[in-house]
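J.: Each protein sequence line maps, in turn, to chains A and B.
To convert, note that position 75 of the first sequence is 75 in the numbering used here; the numbers rise steadily by one, no gaps.
To convert, note that position 276 of the second sequence is 1276 in the numbering used here; the numbers rise steadily by one, no gaps.
Errors might be hidden in some of the hints.
[Unchecked claim] Residues from chain B shown here face chain A by an in silico Cβ test under 10 Å; the list is partial: (1) Glu1457; (2) Ile1460; (3) Asp1629; (4) Ile1685; (5) Val1735; (6) Ile1736; (7) Ile1739; (8) Phe1740; (9) Val1741; (10) Asn1743; (11) Val1807.
[Stated by the list, open to error] Taking lysine-lysine and the DSS-like style, the derived pairs with C-alpha atoms no more than 27 Å apart in a straight line are: (12) Lys141(A) / Lys1326(B); (13) Lys74(A) / Lys346(A); (14) Lys1412(B) / Lys260(A); (15) Lys1326(B) / Lys260(A); (16) Lys1326(B) / Lys228(A); (17) Lys1412(B) / Lys160(A); (18) Lys228(A) / Lys346(A); (19) Lys258(A) / Lys228(A).
It is worth saying that the hints were derived from the structure and are not from the lab.
We treat Cβ as the ideally placed atom computed from N, Cα and C, and that holds for glycine.
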Amino acid sequence: MISLAKKIVRLLMVFSLYMVLPFSCIDKLDFVDDTQEVQLVIYGLLTDSNERQIVSVTRTSAFGFDPTGVMDAKVTLLTASGARFRYFHTGHGEYILEGFAAKEEESYAIEVVLEGKVYMSNYEKIPELLADDEISFEFNKEPFRTESPESVFTVSSETKLPDAADPIYLRWMVEETYFWPLLHLPGTGFPPPPPPPCFISDVIEPNRINLFDGSGTSSRKGNFVLAKRVVDNSFLYPFFVSVKQLSINREAYEYWEKIKIVVNNQGSLFDIPPASVIGNISNVEDQNEIVLGYFEVAKSKVTRIYTTRADVPFSLVDPCQYFQHIPDDAYPSECKSCDVRANGRKWTNNAPDWWKFD
Amino acid sequence: MKIEHHQFFRTLKENAFHRNTGFKPLQFLLLLLPLFAIPFQSSDAQTEFTEVRFEQEDQFKRSKYSLTGKIIQFETSEPLEGVSIHIDGIFAGNNTDSKGQYILSLDSGKHRIVFRQFGKKPARYIVHLYGDGQLDLALTDQDFELEVFTVQAEERDRNIRSAITGVTKMNIEEIKLVPAFLGEVDVFNVLQSLPGVTSVGEGSAGMNIRGGQADQNLIMMNEAIVLSNSHALGFLSSFNGDVLQNFTLYKGTVPSYFGGRSASALNIEMRKGSRESWKGSASLGTSISKFLIEGPIVPEKTSVIVATRLSNANWLLNKVNEVDVKNSKITFHDLYLGINHQFSENNSLDFNLLNTGDYFRFSNQFGFEWNNLVGSLTSRNLLTENFSLIGMAAFGSFNNGFFEPSPVDPSKIENGLYYYQGKITGLLTLEKVDINFGVEAIQYEMRPETLSPLTPESGIQAETIQKERGLEYAPFVSADWNPTENFSLSGGIRYSNYVQHGPDSVFRYEEGFPISRLTIEGVDFIESGNVVKYGGFEPRLSFRWTLGNSSSIKGGYSVLNQYLQTISNATGPTPIDLWQLSTTYIEPQRSHNVSLGYFRNFKEDMWSTSLEGFYRTTDNQLEYRDFADLFVNPHLETELIQGEGKAYGAEILIQKNSGGITGWLAYTYTRSLIRTTSEFPEIQINQGNWFATNFDKPHTVSLVTNIHFKKGRTFNTNINFSSGRPVTGLTSNYVIGGIFVPNFGNRNEFRIPNYFRIDFSYLTNGFVRNWDDKINFSVYNLTGRRNAYSVFFQREGRTQRLVPFQVSILGSVFPSFTYTVSFGK
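Chain B on its own, in the form it takes in the complex (with noise of 0.2 Å):
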């Protein structure tokens, strides 16, 4: 029977079954295909081509022919979405849609075509087009065999290709092949690893993006903002690696479908549940522990996704031998639940909700705690061939505690905000247009700040402090053009508007002099109505041009506004930094970024590097003033001074897409400054004059490594080197009252010691035959380097000296080990 199926696929021209269109009888072999795909796929020749050839003699030759097809994963039968299709050795862009279908408008005549996806091995046609065609075909998983692995990640085609500059995009089979703190699948531990991107230092939360500041990247998921995303300080994201889909950062361009952030846009998608079957996992970690079940609740129809995790590492804090640590507690979770209904091929519905909270006491000293939840349903529906409609409604809640436990009048400081958005977006595929447009709308509500008593016996007095409101909504259109097979436009506007609605106190202040606490003339109450607006135009475009079949030159320039921002006086950005809106006296930042590069790939795309250069203004960056008061301050802007940011820099990319070692070399070279603007000598930090921001490193290198064995074993390695950051050093020092006080200089003029890590895992089968089970065992800081985060300075037992000393967040080698067990097909 086997050797019959094969014989007749075989006639059809090997691993293919395919027909003219028009040829309607032989769709029906798509659904038997997993019962007779064995022979087709059974092929390990991943350098042949199979021909096929595509006629239609009884009609008019024309200059181009369609080719569509579906693709579907050969062991399971489903659909394959975005696999990458590279005709003549180019990656145009185009990918399999979520029902694995793709749609190609080819010249007439002899095409090589290549379809590959991440672990699968790589499909190869020599198509002969003189007819519209239809070639269906399944990808079978990658044996992982040193010489037949091959990465797809359609950043590595597309920087060829795609007319957008400084996007990545990554799907969570690569992203589990970068080793992470604790073991765990974290995108912004790979995002690190990746030119463009830093962070100020370990357990800091948030990413610097290209010189920018961690608040001003647009976080989203499946795009829902999401404002608290990190995890235990900053060491993970909240996105759990078992859910996670794909993520894409645009670092250069952002389209003007995206906006509210002056640096730049990253969205992470979840994937959907199981249609077909019950399945799960479950995992036991040192750390960390996770569930994940997922199914259809109606089959074909309607499918759910679950999966938690929950920390359990304060098994390891009393393991250290310092008093404090010991009598430390740190506890995190996170949920989410995913919901899909496909009502018919062309309309879908999904919810998303992502429940996050940390917990975190130092001693018996301070403590955090934080709190999120974003929930969104979106509604995709294809209205006609060339148009659809989507629709996203989106919650989201975010609760900050900061509380005090000493012995003296413990309190508690809590704030938060809650935003409602909401984004129609329209797409229109026109023959070489593709045109994007809509409206997005975000209504911001700050929670009030409340100061309170921690225990009956506190004697603090309650305090609340009303904070604002703020509504943001931004038209955008934006259109892909391509003119020509070698160039490419893709051009975007978006108009953002914001206005403060009261009620709101606006303080007034002695004209003449610097706004402070000191020069408060009044206060007007607004009750309701506007109490500021703001607006403006965000233009956004971008180019390629293909020089040649494997290089193209690239660039952009865009426009971003940005009114909501984060503000802190810590060290570097927190988890409970505070939210604030734009108002009267913060006004909002206003981006100018420019990006050219070059990319161009070798061996068929085996090699990918990439050039790129980029340079950004922003006005009305945020500073703190010295010794800012923060919290429960009814004028905080009084504590800050607005001035002008500029990053600039260049990255450079070497890839290696396939073989049995894969990975990159990332090298960035970037510089973030900003000066203060204030007409007042007196609250000008550093004179006024430009310095560097507390995240400027100008020298990043990472090394990643993935080694891949058979049976789907694999060893990773990531290097990463960075400069020491800028730090406040001491200049001299005095006495007063018999203390000895150091004496600080400018802001940000020393730095601390270069950074240096290098970490491995090693993924593998578990040891029980029979179960679907896996371990990642994985060290992080391989040689346990005291990698220093900051610099404070003290006296040094009685002597009249100041010493420096260093702080080292994680001054050690920090193994883990994670065995998961998986469940149902």
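Extracted from the complex, chain A is given alone in its bound form (with noise of 0.2 Å):
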């Protein structure tokens, strides 16, 4: 005869041992900051490639807003030698100056000045060495949101690192540009033109900071993952995969490190705390005012790859595909419309000069 309590401890023990448990969660938390510290943020790129060069001067926002661009300021390249070169305001703080190339053995700093404060930036020297990138990608069933299984499109790079002795640290930004035919509704009498295309940009995972120190490994070759996302209907069209492949210096690659930790930052217990990532751009009179940003010369070079529809081993539906019994106002506006498509994403009705595929 087994008294009742031990039945009930039988009953627990059994229920313990089949629980099935989860160890640890993440939950949305309501974590409100009164804080509205404004603080200058300078960002500028500088590469040897003949191009837009671009130099961003905003300000930070509450962390539930964007960022304020700055419109005012005076933002000028400088070298070593003594030249200056002026960027020109394009808008929402953007300024750019076009068609110039970094050169090797030249050193270049920026100058920004606003509201009668001057910011410069270390001096800072292109690197020599690139690394030879093989792109490749491919389609997959795999966790990527969530645990369930999404169709994912990832991008490869096997990279070749040159032989030389001299230390190399490479940083790669992978931006995709796919094709978006608006719809062409035929309309009564005489046929009207098919409106113009979109070629709809943005970076793939911007989260996904990929950096290689190739300072301490005798590896010759690589092969890194460097972009992934999931497969949707922008792929029912030609889709360019670009991965710029950046060679910095040490310092800049230090600075990358530290926005992957604070971009990364899962608050596990082996993460390294976050705080404020300083570059190397300062207030020349004040040197504790916390300036954020950073401007890098890079030595550059692009790879290209493509996908069509062809290779996407899973179904796509076109919401744009034209039926005669459909009302024409039936069409999501993403079927009529670059701008609601592109949802804030860069586009334009022009392809790109290196738009070309077999």
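Hints in hand, dock the two standalone chains.
T.: Listed below in structure tokens is the structure:
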């Protein structure tokens, strides 16, 4: 005869043995910050490619809002040999220098004059080495944003480092550009010309910061996953991936490592505690003023690869396929407007110069 | 026959066999006690006092007489160590020694004396002392009925009479009653339910005692230093509850015979194996399995005890619905070996060995492994009636490994240290003064830190960084002086010395600039000899002033130096934190501690209460610089900054020691602050202002309740609340190169939500008749509350908005079940 207490204990024992329990969990938190501190952010990238060189001047905003662009700054590129090149404002705090390529053996800095204060970066020299990237892609079903398998597009690089003994520090930026035709409604009478297509661009996985420190390794070849994204109807038409390799100096590499720490902080036991990331720009007269951002000078190379719908092993639905029986206003807005489709991303109606595929 | 014996003892005043000094023939009765003790222990009248009288009429009357005796366990006849003796309602700090013997010097006259030990029925006497006497007795096990249970921990009585403030002592029987994670008896878990002890959070190694850092606690096993003392990322301590005897925590005034850490000292006593018979136990649990065996190698002379624990928690990881956790692995083990040899009544030798090991791999992203070995040999010799000598030699070895099995260039970093510890302590007992004196020395040998490829295909270039060696030595002396019954003073002094020996590379930095990688001017290689020397006096002083019979005021002041510390820039302390000796640039920490408390007991010690306050300042407390690079770094000083620490607070403890329900309510208010003191503003943390340490939790409340049923069954709860710990929070965000970057504000400016947890355990006998089997069913985090460990910020989808998220380490109810079978007698 088993007593009731013993029966209960046995039940509890079985319960504990079969209970499936999650170890850790992540919850959204109501963590309201009332700090409204505003700091200046200057970021510039100067490469050896003859392209539009950009410096952005913004101010931080409370963490629920977009940073605000600074419009009335004077931005100048300085060389160690004394030359000065002026950037021009194009809106939203973006300053450009067209058709300029940085040269090896020269050191560069930027100067930003704002409200009577002068902000200057350190002089930085362009590195001499670059690596060779061989880009590839694949489509897979795998857990990505959730634990359930999703259709995922993965961009990888097989990178060969130069044999030189000098250290090399690499950073990659991966951008997608895809074609999106707008709906061509036949209308009545003489058919109107088809609307110009959209070329929509965006950074793939902006939170993934691809870095490689080639200084402490004898490996001359490495395979890197550079970007992942979910497969959606963006892959209905030609889809280009541009991989920009930047060869940067050690200080820039260390800066981006810190950015990577704060961006990827998951609050785990072993995470390095985050902090404000200070770069190489400061107020000339007040070194205590915190200036965020960085001015980096990089040797660069862009490698591109494209995919078409034929490569995609998953079924894709075209929301803009024309059917006569569907009323014109029943189509989604993204079928009629590049701006709506882009949803805040960069877009243009003109094909980029490199938009060539077989 | 029984009746005859019973009657015989009744003629000797019921429950005792006693004699006047000099009446030697009665000693033999002690040996026969187990045979006829049943009747004399059969009384359940717990509040009845037995009267005994000792007289020496043929001699001159004296104002004081001595009362001696031996106390044994009724069931086994084994001597009972640590039985507390309460005289006239007050615990005077007297306990039986390892042979169960006690000696008291009492005023001539009538005294009410109670002998108590946890789990035993107390023995109560009215003693008429008009001559030296001997009172021997046996205690029986408590039946754990609701109305008769008595918890005995020396702290609860000592809080009135002992001269040292801020001491907590607890034995294994009480430790077992506090519910713990995985159902394991755990000393650290119990400590965290006591006032003044907290931790950064679940899954972080180490404890924070009275606002001190985890590495500011001296943790010892039988007085041998144990540097790595936790398993499973800090969820469990490395000390197996099956072989644990008791612990003593000095969180107020640390006696001068302990030193080397700037906040507290914790000594964990492991128990000795049985000298009479072989016995053991085996446990199978949902997460941990255990085995213990003990017995005499040479009967009555040499005993051995071996205990081991092995984790079996990987099946739990496989049940978790997250790919990375499923692919993770966690294993740990510990092994304890204790050998005790008794040469004679006055001379013994103990050998203790503790080996622990952990392996943790998180998916294919990173992993840790660490191993710890501590061995000690202790000789205890009573040279004369008043003088004893204790010698101890210990060896420690600690290995750390951190590996990254990444697809590109997988690597592994290894470091650790060896240490050799020696200590000789003399104890001289005079009429009103006890004097402790001796010397302690510890030689630290840090292992070289190595970076190596994890696989043959990895291109990582192996790198080795040589680390420091150092010798810490300190003569010490302390004295406990009891000039009057109401006042006692405990004072001591320790002169600690530290010498860093070569070889070492000492970097030179540009003057007028902060020490940093960029300001290195050169390096001096010191082949041998002294690199740097530090030292200083460490006075320790505490007093006790008794007010009436049941209350006292105690206070203390102490100075402690610390020459070995951990360095970490993780969110909280981790088991693989780097141990770092003081160097030319990393100066030793030095703390000044003040504490004051009021203690009062009620109803014959049924209730103990205390209110204590403390204040501590620490010079040269270490703080890491932002984004410190700590691994394989030959000049760690460039990643650190020193400053001053400040901790203060108050503790309230209300404890019920007897009855059907026992337990305690503890409240602690603590602040722990730090400020960096560099002359260079660019490396100051938070502009050189005071800021909260990452374990600063102002309010902590613990409620431990033990309900005692018949037949040794207990139902126990532990309710814990604490303020959320500080974290570094986001103040704004910005965009660079298309990347949305959170901008963090001052260090530890914000706090995570408050912490709350309820645990319970049910301890009962097993299912099988005629087996000595036991069941422990525990539930950790009964309410399943998702207590925050940390906060991070991330974009939600494609929006530009950064959203705060909280991470909970154990976000659910966590039950465990352990079945233990004991064998042998």
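J.: It remains to establish, for every hint, whether it holds in the given structure.
T.: Tested hints:
1. Residue-level restraint check for Glu1457(B) holds (minimum Cβ-Cβ distance to chain A is 9 Å; threshold 10 Å).
2. Interface restraint check for Ile1460(B): the shortest CB-CB distance to chain A comes to about 6 Å, inside 10 Å, so the restraint holds.
3. A least Cβ separation of about 9 Å between Asp1629(B) and chain A falls short of the 10 Å threshold, and the interface hint therefore holds.
4. Using the Cβ-Cβ criterion of 10 Å, the hint placing Ile1685(B) at the interface with chain A is satisfied: the shortest such distance is roughly 9 Å.
5. Look at Val1735(B): its Cβ gets to within about 6 Å of chain A, closer than 10 Å, so that hint holds up.
6. For Ile1736(B), the shortest C-beta to C-beta distance to chain A is roughly 4 Å, which falls under 10 Å, so the interface hint holds.
7. Annotation: Ile1739(B) was flagged as interfacial toward chain A, and the flag holds, the nearest CB pair being 5 Å apart, inside 10 Å.
8. Given hint, Phe1740(B) at the interface with chain A, holds; its Cβ is 7 Å from that chain's nearest Cβ, closer than 10 Å.
9. With its C-beta approaching chain A no nearer than about 6 Å, Val1741(B) sits inside the 10 Å limit, and its interface hint holds.
10. The beta carbon of Asn1743(B) comes within 6 Å of a beta carbon in chain A, closer than 10 Å, and the hint placing it at the interface holds.
11. This hint holds: Val1807(B) has a C-beta 4 Å from the nearest C-beta of chain A, less than the 10 Å allowed.
12. At most 27 Å may separate the alpha-carbon atoms for a hinted pair to count; Lys141(A) and Lys1326(B) meet this at roughly 18 Å.
13. A threshold of 27 Å between alpha carbons decides the hint, and for Lys74(A) with Lys346(A) the separation of about 25 Å falls inside it, so the pair holds.
14. A hinted pair counts as satisfied when its Cα atoms are at most 27 Å apart, and Lys1412(B) with Lys260(A) qualifies at roughly 21 Å.
15. At most 27 Å may separate the alpha-carbon atoms for a hinted pair to count; Lys1326(B) and Lys260(A) meet this at roughly 26 Å.
16. Taking the CA atoms of Lys1326(B) and Lys228(A), the gap is near 22 Å; set against the 27 Å cutoff, the hint holds.
17. Restraint check for Lys1412(B) and Lys160(A): satisfied, since their Cα atoms lie roughly 24 Å apart, inside the 27 Å limit.
18. At most 27 Å may separate the alpha-carbon atoms for a hinted pair to count; Lys228(A) and Lys346(A) meet this at roughly 19 Å.
19. In summary, the hint linking Lys258(A) to Lys228(A) is supported, as the alpha carbons are separated by about 22 Å, within the 27 Å threshold.
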